[in-house]
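Q: Residues per chain are reported as follows:
Number of protein chains: 2
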Amino acid sequence: MINYPNKKNTAQINNSLHNFANRGMNFEHAVNTSNSYYDEIKRAIITKRPTPIHIVKVDYSDHGRIKDAYFEKQSTADYNGVYRSRYIDFECKETKSKTSLSFHNISSHQICHLEKVIFHGGIAFFLIHFVSLGEIYLLDAKIICELYNRKERKSITYETIKTKGTLVEQSYMPRLKYLDAVDKVYFDEAQKVNI
Amino acid sequence: MINYPNKKNTAQINNSLHNFANRGMNFEHAVNTSNSYYDEIKRAIITKRPTPIHIVKVDYSDHGRIKDAYFEKQSTADYNGVYRSRYIDFECKETKSKTSLSFHNISSHQICHLEKVIFHGGIAFFLIHFVSLGEIYLLDAKIICELYNRKERKSITYETIKTKGTLVEQSYMPRLKYLDAVDKVYFDEAQKVNI
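Chain order of the listed sequences is A and B.
Once you know that position 132 of the first sequence is 132 in this note's numbering, the rest is easy, because the numbers rise by one and skip nothing.
Each number in this note's numbering comes from the position in the second sequence (counting from 1) with 195 added on.
Treat the hints as calculated values from the structure; they're not laboratory data.
Cβ coordinates follow ideal geometry from the N, Cα and C atoms, glycine included.
Hints may be right or wrong, so weigh each one.
[Stated by the list, open to error] Cross-link-like lysine to aspartate or glutamate pairs, in silico, DMTMM-like; alpha carbons within 25 Å at most:
1. B:K268 with A:E135
2. A:K67 with B:D254
3. B:K262 with A:D62
4. A:K57 with B:E267
5. A:K73 with B:E289
[Unchecked claim] Which bits of chain B does chain A cover? Going by a derived footprint, with three or more residues having C-beta under 8 Å, they are:
6. 235-245
7. 264-272
8. 346-355
Next comes chain A alone, as it looks inside the complex (with noise of 0.2 Å):
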């Protein structure tokens, strides 16, 4: 086996971690601090897509800096890496409300994308944060692809989320022990779900 590269000082990620703490939740802070924990620790090594941007007008007479340029809508989620040798990807959505969440930010593409993710085998899930009631879940996308597709409703009910998903544990490190939550759902097979 080859050795773990790129060890960092745990004192830098404690000390980043105690800054978060102290300026309330961030969701997708959270989450990327978890995944440098998680990757110190050797757990696993995933990775957030860097948002894609349409470049209009670059300077090359200034080292190629970018003059002009837009956000484009992401096609694929927000994380993907590996895990337990298998491929994980994932998409972290948040709502104020305390009773459902809305379809409204999640594009078709992505659930596309998370369909096809499933279809070859590999681990595909949302992490639900409802904000008001500091709550976050682990839900399988299978789940609410299928209640997207269906079109029946525009949002999906904190009670489905709750039944349907796995409450993820909140601590001071990692911020998130989401991947405890993955590994009751898709390695548990006691819990595993029928994917």
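With chain A fixed as given, assemble chain B onto it according to the hints.
A: Chain B in isolation, oriented as in the chain A frame:
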């Protein structure tokens, strides 16, 4: 099993490949069109990671248009995705030399990233294009990482790549049959490399 979404018009793909053939070999484009084809025939879902960009200035009065930004170095590899339920991560490198591939264009971050992928049970490799020879090889990342880390040489020879790598067959569609090479190296028990 869920339906495979977003079926594209095959004529569109044919057309784009035909145009591409007329324009001569562009390595990245060849990989991208091959990935589109593999997606279309439901063989794999592999995407290019957008180049990360550091944004300096955004004009919020103009729909959040980016007015100053620069390219950041990719700290991961070019492509990743899922194939035959396995996580795949790879980097494309091109050289005009007929005798070697310089390590100059490979960053230590990329080596580090690919080592982590291997550690966690993913498949990691390089696709190496020898422009003058018109040949493309798939080489398991472990081989390059070990040579890179040994720091004895600043390049890897064509002979080593040819001997230890697998020639990627080129065709009309897909342009690069690199998943056939993946099959040989990582899925064919008889030819499997020791990873």
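Q: Now tell me, hint by hint, if it's right for this structure.
A: A quick look at each hint next to the structure:
1. B:K268 with A:E135: 35 Å, violated
2. A:K67 with B:D254: 11 Å, holds
3. B:K262 with A:D62: The hint holds at about 14 Å.
4. A:K57 with B:E267: 17 Å, holds
5. A:K73 with B:E289: 30 Å, violated
6. 235-245: Result for this restraint: holds, n = 6.
7. 264-272: Held - the region 264-272 of chain B has 4 residues with a Cβ nearer than 8 Å to chain A, which meets the minimum of three.
8. 346-355: It is violated: at least three residues are needed, and the region 346-355 of chain B offers just 0 whose Cβ sits closer than 8 Å to chain A.
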